[in-house]
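Enquirer: Residues per chain, in single letters:
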Amino acid sequence: MSNVLAVATIVIKELYRRKDFYVLFVMTALICLVMGSVHFFNDAHIARYLKEICLLLVWISSLVIAITTTARQIPMERENRTLFPLLAKPLSRTELLLGKFFGCWFACGLALVCFYLLFSLLAASRERHWLFLNYFQAGFLHWAMLGVVVALALLGSLIFTAPSSNTTICFVAATAILLLGRHLNKVALQLPEPRRSILYALYYCIPHLELFDLRDLIIHDWPLVPWRVCGLATLYAIGYAAAFLIAACLIFRRKAVN
Amino acid sequence: MVLALLVLCFGLAAGLDVWFQTWAGNRAQTADLLNVLVGDSRRMFANHFFVKADAYFHSGFYPTVFDNREAFQTPHMAEDSGTVGSRNQGDETSFLGKPRDWIDAFSRQLFPSRHTHLDEGGASGDLSGSSGVREIMPWLWLSAELNPNDIRTYTVAAYWLRERMGKVAEAEQFLRAGLHENPDSYEIMYELGRVYNENKNDPARARNLWEAALDQWQKQVASKPDPERSYKFLFVEITSHLAMLEEKQGHYAKALAYMKLWQAHSASPDAVQEYINDVRHKMTSPTPSPAAAPPQPAGQAP
Chain A
1 MSNVLAVATI VIKELYRRKD FYVLFVMTAL ICLVMGSVHF FNDAHIARYL KEICLLLVWI
61 SSLVIAITTT ARQIPMEREN RTLFPLLAKP LSRTELLLGK FFGCWFACGL ALVCFYLLFS
121 LLAASRERHW LFLNYFQAGF LHWAMLGVVV ALALLGSLIF TAPSSNTTIC FVAATAILLL
181 GRHLNKVALQ LPEPRRSILY ALYYCIPHLE LFDLRDLIIH DWPLVPWRVC GLATLYAIGY
241 AAAFLIAACL IFRRKAVN
Chain B
1 MVLALLVLCF GLAAGLDVWF QTWAGNRAQT ADLLNVLVGD SRRMFANHFF VKADAYFHSG
61 FYPTVFDNRE AFQTPHMAED SGTVGSRNQG DETSFLGKPR DWIDAFSRQL FPSRHTHLDE
121 GGASGDLSGS SGVREIMPWL WLSAELNPND IRTYTVAAYW LRERMGKVAE AEQFLRAGLH
181 ENPDSYEIMY ELGRVYNENK NDPARARNLW EAALDQWQKQ VASKPDPERS YKFLFVEITS
241 HLAMLEEKQG HYAKALAYMK LWQAHSASPD AVQEYINDVR HKMTSPTPSP AAAPPQPAGQ
301 AP
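Residue numbers (the working numbering), protein chains in the order written: chain A, 1 to 258; chain B, 1 to 302.
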């Protein structure tokens, strides 16, 4: 476990040494501040459009950070020839992979804390109230979703040859699932067999990332989601992340690193 | 050779520049950033943002392109404002239908899945928060910016501005901006008349605006062989408001004339007949008939 944490620590340090997070954070803050400076019809208390824009930018930025950070982990180690010395140490391939996963995931978590802090300050400045538990729920489920995405990107980095192709495919897959995942069953029911069964099989197989998207509930001030539901959603995310990680470990064990 | 080509380029540039400055499609003629960036395709996005405002009106509970949209053909924020006729059918609360599988059932706890309106408290159900309808305004403003010729954006926004947000001056200003872009719009004239009648207590100006609206309606729509229901809706609204105004001011003959116009296109001619009978009774005697109900605007049930 200490090996895993040691690798994870290096990945976290890499995140705050690179410019990716700072550029995205500053851009998000700037755009939100500009949009927040607009007053429509002389009303200074309109908040939801600002919350939506901020949360959209947070989600885009978090996906960028998660996928780009994870996609380059293993290929960069191979390119810099640091993979051999790493594996020469008493560090198994599984521990290396788990370390990379936890490092990327925790790094995403830290980034999310900063983003959600910015969001809650923006929302509080307009709405004059602070829905801490609601934001915590949204942030926590968002982080759980990123765990699935990080595991997927890690698996992709072992399957695809170039980090660019892995990044692109992960982005397209994540975006497609977020936009269309909820509706695949509706489309499937309107199709004739065998297309209906194929689409429904796809619907059941994909990780439903849209389950973790509580943006509409936060934007429109809906009450808290029951904690039991949050727990089940977290278990769902753990299940898919574990499945992707197991597949990654199995592939990495058999893969030649030279 | 190079010199000749340079002279040719210079001549072409000089000639084309004069034509370009006078060309109608020249985006450089406008300082509007949106117009320069997206040109006429901005109108395509205008309707998207109008619908987005209605989604905000429902606190996020809104059908997507994959759902049954029968009950949302007319945006509810427009229907509730009384500025457009409704084409909605079916149950607005159950467009999602029954859950199709366990993932569908589980997911409904993680996104808005209850029908609410912002003017009725929204997701919290707190009726004192009905001014929360302000949240739809940025999208209506953006829709108007992208397509200044979409009349309903102005009328819907103006209604909610003056009715729930108490911003009468802003509502009037927005309507006048709409009238500037659409000088022949009877819908905007009608809504402006409502501002003067209901909020500014200026029946004379309201009458002028409604008469102008009626005049425009008759110029634009009356010549059509079979006007659509939406056109008739506005005609009924204009004539009924004029009739009520004239009756309130004691101009019974004019009120009668407007009521007859109203009755001709009303979906409930019998109800209008009761108003006509009441006015006739007032014309013949000063005391009102005890059987007649007090006059109500056309938007409410008689």
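Honestly, the hints are just simulated from the structure, not real lab data. No residue lacks a Cβ here, since even glycine has one placed at the ideal position from N, Cα and C. It cannot be assumed that every hint is accurate.
Claimed, not checked - Computed list of chain B residues with no C-beta within reach of chain A, every gap over 10 Å:
id	residue
1	ALA14
2	ASP40
3	VAL51
4	ARG69
5	LEU110
6	ASP150
7	GLU198
8	ASN199
9	LEU261
10	GLU274
Unchecked claim - With a Cα cut of at most 20 Å, we get these calculated EDC-like pairs of lysine to aspartate or glutamate:
id	chain 1	residue 1	chain 2	residue 2
11	B	LYS52	B	GLU92
12	A	LYS186	B	ASP67
13	B	LYS260	B	GLU247
14	B	LYS260	B	GLU274
15	B	LYS52	A	GLU77
16	A	LYS186	B	ASP101
17	B	LYS224	B	ASP184
18	A	LYS186	B	ASP202
19	B	LYS254	B	ASP202
20	B	LYS200	B	GLU172
21	A	LYS186	B	ASP270
22	B	LYS254	B	ASP184
23	A	LYS255	A	ASP43
24	B	LYS52	B	ASP67
25	B	LYS260	B	ASP202
26	A	LYS255	A	GLU79
27	A	LYS186	B	GLU247
28	B	LYS254	B	GLU274
29	A	LYS89	A	GLU79
30	B	LYS52	B	ASP104
31	A	LYS186	B	ASP91
Enquirer: State for each hint whether it applies.
Expert: Hints, verified against the model:
1. ALA14: 40 Å, holds
2. ASP40: ASP40(B) is indeed farther than 10 Å from all Cβ atoms of chain A, at 25 Å.
3. VAL51: 15 Å, holds
4. ARG69: 13 Å, holds
5. LEU110: 6 Å, violated
6. ASP150: 17 Å, holds
7. GLU198: For GLU198(B), whose nearest Cβ neighbour in chain A is about 18 Å away, the distance exceeds 10 Å, so it holds.
8. ASN199: With a cut-off of 10 Å, ASN199(B) remains clear of chain A, as the shortest Cβ separation is near 15 Å.
9. LEU261: 35 Å, holds
10. GLU274: 40 Å, holds
11. LYS52(B) <-> GLU92(B): Judged against 20 Å, a Cα distance of about 17 Å means the pair holds.
12. LYS186(A) <-> ASP67(B): At roughly 8 Å apart (the allowed maximum being 20 Å), ASP67(B) and LYS186(A) satisfy the hint.
13. LYS260(B) <-> GLU247(B): Since the Cα atoms of LYS260(B) and GLU247(B) sit roughly 13 Å apart, the hinted pair holds (cutoff 20 Å).
14. LYS260(B) <-> GLU274(B): 12 Å, holds
15. LYS52(B) <-> GLU77(A): 46 Å, violated
16. LYS186(A) <-> ASP101(B): The hint holds at about 11 Å.
17. LYS224(B) <-> ASP184(B): 17 Å, holds
18. LYS186(A) <-> ASP202(B): 53 Å, violated
19. LYS254(B) <-> ASP202(B): Holds - the C-alpha atoms of ASP202(B) and LYS254(B) are around 18 Å apart, at most 20 Å.
20. LYS200(B) <-> GLU172(B): OK: LYS200(B) and GLU172(B) at ~10 Å, within 20 Å.
21. LYS186(A) <-> ASP270(B): At roughly 46 Å apart (the allowed maximum being 20 Å), ASP270(B) and LYS186(A) break the hint.
22. LYS254(B) <-> ASP184(B): Between LYS254(B) and ASP184(B) the Cα gap is close to 24 Å, so the pair fails against 20 Å, i.e. violated.
23. LYS255(A) <-> ASP43(A): 61 Å, violated
24. LYS52(B) <-> ASP67(B): Given pair LYS52(B), ASP67(B) holds - Cα atoms ~16 Å apart, limit 20 Å.
25. LYS260(B) <-> ASP202(B): 25 Å, violated
26. LYS255(A) <-> GLU79(A): 15 Å, holds
27. LYS186(A) <-> GLU247(B): 55 Å, violated
28. LYS254(B) <-> GLU274(B): 16 Å, holds
29. LYS89(A) <-> GLU79(A): 18 Å, holds
30. LYS52(B) <-> ASP104(B): Cα-Cα ~23 Å, so violated.
31. LYS186(A) <-> ASP91(B): 19 Å, holds
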